[in-house]
Structures are given as C-alpha cells and as structure tokens.
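Novice: Protein chains in written order, with this note's numbering: chain H, 68 to 376; chain B, 68 to 376; chain W, 68 to 376; chain E, 68 to 376.
Hints listed in this document are in silico derivations from the structure and should not be mistaken for laboratory results.
A quick note: this is a predicted structure, and the numbers were derived from the prediction, not measured.
Beta carbons: idealized from backbone N, C-alpha and C, even for Gly.
Be aware that one or more of the hints could be misleading.
[Claimed, not checked] If you anchor each label on the Cβ, the simulated ranges turn out as follows:
hint, chain 1, residue 1, chain 2, residue 2, range
1, E, Gly227, B, Leu375, 42 to 50 Å
2, H, Gly299, B, Arg250, 18 to 26 Å
3, H, Glu101, B, Asp322, 49 to 57 Å
4, H, Asp359, W, Pro71, 40 to 48 Å
In case you want the letters, here they are:
Number of protein chains: 4
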Amino acid sequence: MPIPTPLSGVVPPVITPLTPKGEVDTASVRRLTEHLITAGVHGLFLLGSSGEAAYLTDAQRLTALESAVDAAAGRVPVLAGIIDTTMARVLDRAADAVRAGADALVATAPFYTRTHPVEIADHFRRVREGAGLPLFAYDIPVAVHTKLPREVVLDLAADGTLAGLKDSSGDEGSLRRLLVALRRRVPGFTVLTGSELTVDGALLAGADGVVPGLGNVDAHGYVRLYASARAGDWAAARAEQDRLAALFDLTDAGDPALMGGSSSALGAFKAAAHLLGLIDCPATAAPQVPLDAAAVARVRDRLTEAGLL
Amino acid sequence: MPIPTPLSGVVPPVITPLTPKGEVDTASVRRLTEHLITAGVHGLFLLGSSGEAAYLTDAQRLTALESAVDAAAGRVPVLAGIIDTTMARVLDRAADAVRAGADALVATAPFYTRTHPVEIADHFRRVREGAGLPLFAYDIPVAVHTKLPREVVLDLAADGTLAGLKDSSGDEGSLRRLLVALRRRVPGFTVLTGSELTVDGALLAGADGVVPGLGNVDAHGYVRLYASARAGDWAAARAEQDRLAALFDLTDAGDPALMGGSSSALGAFKAAAHLLGLIDCPATAAPQVPLDAAAVARVRDRLTEAGLL
Amino acid sequence: MPIPTPLSGVVPPVITPLTPKGEVDTASVRRLTEHLITAGVHGLFLLGSSGEAAYLTDAQRLTALESAVDAAAGRVPVLAGIIDTTMARVLDRAADAVRAGADALVATAPFYTRTHPVEIADHFRRVREGAGLPLFAYDIPVAVHTKLPREVVLDLAADGTLAGLKDSSGDEGSLRRLLVALRRRVPGFTVLTGSELTVDGALLAGADGVVPGLGNVDAHGYVRLYASARAGDWAAARAEQDRLAALFDLTDAGDPALMGGSSSALGAFKAAAHLLGLIDCPATAAPQVPLDAAAVARVRDRLTEAGLL
Amino acid sequence: MPIPTPLSGVVPPVITPLTPKGEVDTASVRRLTEHLITAGVHGLFLLGSSGEAAYLTDAQRLTALESAVDAAAGRVPVLAGIIDTTMARVLDRAADAVRAGADALVATAPFYTRTHPVEIADHFRRVREGAGLPLFAYDIPVAVHTKLPREVVLDLAADGTLAGLKDSSGDEGSLRRLLVALRRRVPGFTVLTGSELTVDGALLAGADGVVPGLGNVDAHGYVRLYASARAGDWAAARAEQDRLAALFDLTDAGDPALMGGSSSALGAFKAAAHLLGLIDCPATAAPQVPLDAAAVARVRDRLTEAGLL
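Just chain H, with the same shape it has in the complex (with noise of 0.2 Å):
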C-alpha cells in the first residue's frame, strides 16, 4: 500500500516475539499486530531498536516481518527496519523487507564504521536508489554514535530521497529547528519522534506523529494522546502524555549491576506486553539478560499504577 504524505499518528516500534528457545512466535507477532491495529494505530514500524532488530539473524528478521506485513493485511502501512552497518549490506536488507512485502523503508547512518556527512548523503541515496521503496531515516545517536546533520536531512528532504524522519535523537531543540526549516523548504516530508516522554511538545511543534516503544505496552494511550493533540486538547494530551511518562519507569526495571538499560527496557516492554496476554512469551534475545522475578514484579507494579491490569 503506498504511504501516506505525510505519515501521521501512532507507529509503534513493534517489539518481535520469541518463543522460550529463541525462535520468532509468528503466533504472537500476529497477536501483537492485531491488537495494535484494533488500539488505532496509524502504522505498524518492524525491525527497528524495539524490535531487537540487532539480535535478529537475516532469516529471523524475514519470518517477523512476513507474519506482520500478513496479519496488517493492508490495513495500516508496514514500515520495515533495514538495520545493517552500511550501503551494500543495507541493501541485501532491504531486498528482504521488499520480499516480505514491506510498504516502506527505515535505513540508519553507517555505523561501526566512522563517517562524514557527505558520505551520510550519498549512503542513503544509494540505499534508496537500491531499494525501491520510499525511505526513511532513523536518526539514532545512541547506536549509531552519529547524528543526522539538519542539513543533510533538508537535503535529502528536498531531492526526494527521504520520505521522512524517525527522530530519535532525544535532541528536541534541533528536531524544532528542522521541523520550521521543512515547513518552509518540504511542506509534506513526514517526521515522526522516537521519544515517547515528549510526544505532547513535539506534536505541538508540528511532528507528524510518534513510534513510541512503550506502544508496544500502552497503544491505546497513545491513539489517545495522539487525537487529543490533533483535536488541540492540550490539556488532554499532556495528562495522558504524564501518564505514559509514569509508565515508563518500568524500563528500569532491570537491577543496572546485572544488565544494561537498553536490555532492562526491552525486557520490560517484553515482560509487560506478556502480562497483558499480547505475546506468548517474555524473552529477549540473547545475550540480552532476562529481567529476574523481582523485576517482573516491578513492571506489574507499573502497569497496575497506570490501570493496565
């Protein structure tokens, strides 16, 4: 299906289920996609941080994605991560997601390697040219360890490279001054925030929409928070927007001595999601340390607070 211009709303990250040896649950993934397309999601992104796309082989990465693009079944447009350290390898990524059936593209900068914004630029129109399907940029500091220029995405905004922007920069101050900057130069270019903690701010500052993680967990609150915006019900939107952002202390979950905050937040979302009966099974994938008992019992605690169970 083509995507739209712009696309707006709620896009969580989906997060990708696993079975207890490490295998994908396409059951739940199916599950999962289903009950976020009845919450009112306007899109569905696989394959991205959330969706532990970095612990996923090739053939992983294609077995969620194919089950997600058929449980959507063209009702919300499927965003597909094709998260690799550069061009080349991007690519042999994206001819998977274009198999898969993937309505559109999520490329990061190069990593691993270090780079320059000249070669950002030509990076990702080459991916572009490659792959066939509109792009989007995932600008994504903390695990790529460089930022999208401003004007390098303006650029690339305006010769029709990207179709848009999933900003997760956590860099609020720069995402304003790019999103004056579109308004003027690329009136339909789609930018979407990955921070989940400031939705309200970035709508009012003219986002188009959010991929929250903590979606996964609470999508309807953000359907919510996304319409009370649209309907200029600021008051609204910030209750709700405090709410999620209570929410989401169930990220550290995880005791900081045993394992690293990226696996204490996915294993949160996991732990939620299957609390709430959305997936058969909580684990993460490996080397990934699996949250213990106590804190299962911290994100229960959480959900409880916020009258998810």
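On the provided structure of chain H, position chains B, W and E as indicated by the hints.
Specialist: Below, chains B, W and E without anything else, positioned relative to chain H:
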C-alpha cells in the same frame, strides 16, 4: 529579595557586555538590565554560560553582578552563577555573589575532575550549607560532561538543598520524568528549562519557566511565549516559538572553520544586542574568535527576518 | 591449521581489493596474500576494519575470505573477522568463515545496541560455543563504542573462551595492566596490538605481536620491527617504528572537508598498495569518498619519503 | 631557576597533603617534597590533577605551592599548574604561581566552554605572553574534553609559545607521531608523558620524561625505571614498569558503587603516602568520598606486594 516559590517565567541568562579592551562595560550592563526588565522578564540570571562566566576573572564577575543587581533595584530577583570546578572554589564564588547582592545562586556539578552521583549530591549539600542563599542546580552536560541523575535532583529537592533546577541538558525525556516525579514528591520546586527552542513544549509539560540565551536578543518574544502558554493559548505559544527558533539561526553566523560553535553563538547574541542598540560593543572575551563582517551581516539578516530591525 | 599458542608476530588486517565496479577482486586478493606471506608475516587477518568488513555483503566477505585462504595454502594461519551486531548474527558470520576455511575467528563486543559487561561475556561464550573455532576478541571502542573491561577479558581468557585478544583500543595503559595480569593467570593467551604506531613499546611490554593496517603498505617494515624486538635490539625496533610512524602520515591524505578520517585512511592504504603494484585498483567501497588526485599525490610522496617507491 | 632544555626525567605531580579539617598541611608538603628530591626526581609538578588543583581554593593553591618551592630550595625545578577555565582566569592563577616562585607553568586547553583549535592556540599564546614564565601545555582530555591537536602543539612549539608538553591524553599513537615530527622541526622541545603505565615504551619512543601520579607512592621505582631506560637497559626498564603497573592496582581500592574512579585513585595515592609515612593525614578534599577501612587495607596489600611496606 526572596525568591518566589516556584520562580516562574522568563529569566534570561544575561550576556556580559565588554568594552573593546575586554573590561566589563557597566553602563551597558545597566542598559541591558533595564531593557530586559522593561520587556517583562521575571528574573535575571547573571554569570551563566551565556554570561561568559568561564571567560571572566573573579573581579570581572563581581563587577558585572554588582552592576546588574544595582540596576535591577529589587524589581526582579537576580540569580548568580557560581561556576567553578568543585565545592571549595564554588563557595568562594558564592561569597562574592552574596557580597554583590544576588538573591539566589546557581551551581553546576563538579567539573574538570571526574565525579560520581554520591559526590555530586554531597557537593550541592555543602555548597548550600556554606553559601547562605537559595541554590539552583545547573544541569549542563555540554559544559561539565555529567548529566545530573534524576534521583539526585529528586533527593536534593526533597531535602531542601535545592530550590530549583536550571535544565540545560537538552534531555527533554528525562526532564519529563523528573517533572512527573516532582509533582508527586516536591510540588513547590522550581524547574526552568534552558532549552530555548522547545519552551512551548516544556511549559506544556509543567516547567515553571525558561532561561533563554536568545532572550538577550528578543526578550519580548519569550515574554509573549510565556504569557500565551500561561493563558493556555498553545497555538500562539507555538507560533511564537517557531519564530524564535528561526531567529536562533543567528547562532550559526560564525564560520565553523574559524571558530567553535560556542563562540559563534555567544558572538551572535552580542552582535545582535549591539545591532539592536542594547549594548555598546559586541566584543566577546578572548580567546574566542570575533565574528567577522560577513557573520555580523548574517546576524543582521536574521534580525530583519524576525522583525526586530 | 591449528593456531600457535600464543600466536606471535605480524598479522596484517588484510585490505579487501575491489574492482572498479565494487566487486571483490579475487586476483588481487591472491596477489596481496602472496606478497604478505613472502614478506614474512606470521598470519593474516581477513575481514577486519581495514578489510572494510562493514562495507561488504556476506557474499563479498565469503569471496574475499575463500580467496585468501586458498592463496595462503596453509603457510600461515588465517583469522577471519565475524563482525556483526550481536551473537546470533555473529554466529551466521562464523558459519560462513568456517565454511571458507578460516583457522580462527575474531569477534567484537555487541554493537549498535547498548550493552553491559555481563552481556559482553555471555556474548563471547555463546559465540565460542557455537562457532567451533578458536576465538579472538577484537577490542575496538572506536567502532563498537564499548571498551572491553579488563576483568572480562581475564575471565574469558582463564576459562578458555578466548584464545587471544586483538587490542585496537589505543588504551596502552590498560593493555599493560592486562599483560601483567595475564602473565600471572593465563600465560599462553595471545595478545596482539592493533596500535600500529607503538608496536615497539607494545612488544617491550610483552605483547605477542601486531595487527597493523599499515602492514598492507609496508609488511617488510613490520616484519623487521618484530624481528628486532624479538632479538632485543630495541634501538633498531624504535628506528623502524619511527620510520613507519612517519609513513603513517599517508592516512591524512584525504581532505577532512570532503571525507571522514576512516575513509581517508582506508583510501590511503589502498592507494598505496595500488601504487606499489600490490593490487589492481585502489577503489574503496561506497559510500566512502574516493581520494582525489591531490590526495593520491600525497600518498605517493609519503611512499617516496619512506623509500618504498 | 631556569628550566633545562629539554626537561628530562621524573617529575611527579605532587599530591597536596591536607589536614583532617581540609587545610593544606604545609609540614607534610615539605616532608613529601624532601622525600621526592631525595629519591632522585628531576622536577616537581605542583597543582596538577593529582594535586587536587580542581578542589583547592586559590589561597590553598598558593599555600601548597609556596611550601613546595621553599622546601625544594632550587634543587629541582618546580612547575606549577595554573588550572582554570580560560585565558583571563588562567592568567590570574599564573600571577599567583609567579608570586610563589614557580619555575614554569602548566596550562590546559580551555574547559567548561566548548572551544576550537584556533581558540586553543590563541589561548596558549596569550597565556604565555601574559605570564612571563616558560609554559607547558597539559593535554588531558579526560578533564577538559578536548584533545590538543598535534598540529597545534607543533605550531606552538615551533614559535616558542610552549616549552614543552605534558601528555596525559593516553593516546600513545598520536604521541608517537608528535615525537617523530618534533624531532624534525623543534628538537629541544620537552615531552613528558603522564601515562605512568607505559613509561618504558614512551622513553623508548623518545619522550624526555614522565609525570607519574604513582610517583608519589614509589618515586624510587620511577627513578630506577628512568635510569634503566637512559642506560639502554630496556629489560630492566620493562621489569620495573611491570612492577609499577601491578602496584597501580591500588587505584582501584575504592568501591565503584560508593565513589568515582578519580576519588578512588587520589584517595589511594594519599592512603599509600600516609601508610608509607610521607604525609600525616590521608584526607582528600571534599566532596570526594574518603576510602573506607577495607579500601585502605587493599592499598596496604598492594604496597606489601610491591615491597614498599
């Protein structure tokens, strides 16, 4: 004068006008102070990063602060930065600020040395105990290379060490979680954002006010933005913020091959204030590189576009 | 062939020659392999950072590795980089490398994702268990943004997970502490430095050998340096290292306004190998920016100064 | 006294003994100074990072420096750190150091503020011009978050701004390239490494000497290491360095859950000096966390293993 609880509104981090020879231009300090108060700001923050505190001797800092306190004449509270590496040195700066008549103090986490959350908390407790004035924490990782941990701020707020926070971390997601937690635990605590490009969103999220470097250039704009937000007119607040975000482009006036981004931004604030007639001389402190004529012309263009010239 | 314990000497991280169209130039891989072995190197490391592994597809990696294994013909051990984001993906790369006939594998800590020492240790244990060949850890924070903790390396050395370490961290102080600790606890463990500018000091400190990117350009120089050090002729080792350090200036050939430092260095290694007749074409993989004629002239000047042309 | 050209040998960064109440313990400063000179050091560096300069008031700095200058009595040159954020403040510190009788000054790049190579060069030129004593650059990115660019150091060496460099960057590869370039362009320029774990390698590479924090604990060891290296007995130099590297484990005495690594290291140096009878009290300046009894016991164990107790 006592600091309001919370301190709300627009509190510009006042630039420090210098003479062509590099001395503090007290007449311009007074003129700028008068201008800002007339524009409706709710407080003044002297000797912060925008005030070039890192470039001024102790004597120069004292001169600038005394002039501003005298010119303010109790009409708005004057906060004074007491920027130095660690506790004992910060207390010397605090003694100067008390002598100059500041109403409150603003201190960062230790810098130059590597530190630890336990040490940061102890640092603020000892500074508060030794200094005898209300204390604000200045969270500015770009300068001190440590982000104030949310739990440390919450503890220091709860036990009365801190009266408030100036958040220049740019981490709006963490700020949101802090605001939600403070509302539950320490309702009167002041939170001012230093992120001048996302003030509408920060006020929507519950921040009490803003410390905008750009407020030296367009204080009226920030005062209008704050008033719109307080009135719940978020569309007006957003439009004002958009205009200010475009104006902020003046900070890129300097050629990055010739100077750093900080010198460009501080130089641009001073060039703009000079072009607007608020100060007599646009000089920044050495060894910052002065803006050349082409850069000043770019500043002038931005002022013209923003309707200020 | 079995890997010596420890693996000592010069083990260049072999560049991957490409055709003008960007395919692996297997004839040049073979010629370069022959040249390096003839020059007296003690092993070959394929598909590392100098090998542009991050830029090559899985198929290209396999082709390059198979060609080198075949050309080496068992005369020296061939180590293969299995660079990918995390364990499951790394195991897919390992299966390819085993199939291509590698003698040992070289893996980094997880990247793209944020990780934790406990997870890093588990990552290496699972890779070792799944891969079936001796495993070297590749400590390269500039690429993966995590420094391997000394205690993790010691534990993985002691329990037999790791056969050795390639230390490209540039943290010579930490390396020294590791070498001192290994001598007490795990005497046969291999430590190779990837810091090609301080090989004399590293060998003096007890490192077993070196993995020098510049060894693609002047393998004889590194072989002489190693031989001098082993003979205890530290004055000769130092003089050779000084000459090689001057030669290393060729990595600055590219204009930093046009390309990144990594592209400049890899481009210069390939330009030099091409000028020396070791490979047919100096092309680097896209989206790296090719060296222009002026840059190639600078590379030629450095080769001439070093007596190689 | 005039500084030798180059300044060679062991120049410990002298710790600043404090009383239990946190004042400078001048008697211990004198005793430690005497001990170090008797041990054969070739100079003293007061008010560096190991001297806790960042924690001392201007008055305390002056007291410590005056005591050391007086105790040294011209037997070895005394270098004084003039650590402050930027030029004008650094010049105030320089005036104090001149008054106290220092023989040379040691300044870092600007910190707290973001800077630029052009500004860094200008900073050192203005400090040198204003200060009236030979000036050493202190390259310490871990504190100031800028690495001194090699070309800047070369230019400032060539034009006489700098008499030397104290390299605490830990970047031994860059140091090697600098040493090779200096030999061609500015032969008399002093290079001292601050990397106390790789002194044998640095001296082999051509460094003139070392500024070892651990030299406060085992000055004799570093003097022997230097003498062995000068005599060309690299095996002896290496063995001594290995012993000192093992001793350096005392810097890990503090519990990382309770304090930062810097506090642990400075606390351990002082605890060791106290256990060895060199100073009266092991207190570090607040807000550093003091070592607890278990940590002091670990320091004692390391001293015993190293044969110092």
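Novice: Look at each hint and say if it fits the structure.
Specialist: Hint by hint, here is what the structure shows:
1. Gly227(E) to Leu375(B): 42 to 50 Å: 47 Å, holds
2. Gly299(H) to Arg250(B): 18 to 26 Å: 24 Å, holds
3. Glu101(H) to Asp322(B): 49 to 57 Å: 55 Å, holds
4. Asp359(H) to Pro71(W): 40 to 48 Å: Since Asp359(H) and Pro71(W) have Cβ atoms about 43 Å apart, the given range 40 to 48 Å holds.
Of the numbered hints given earlier, the model fails none.
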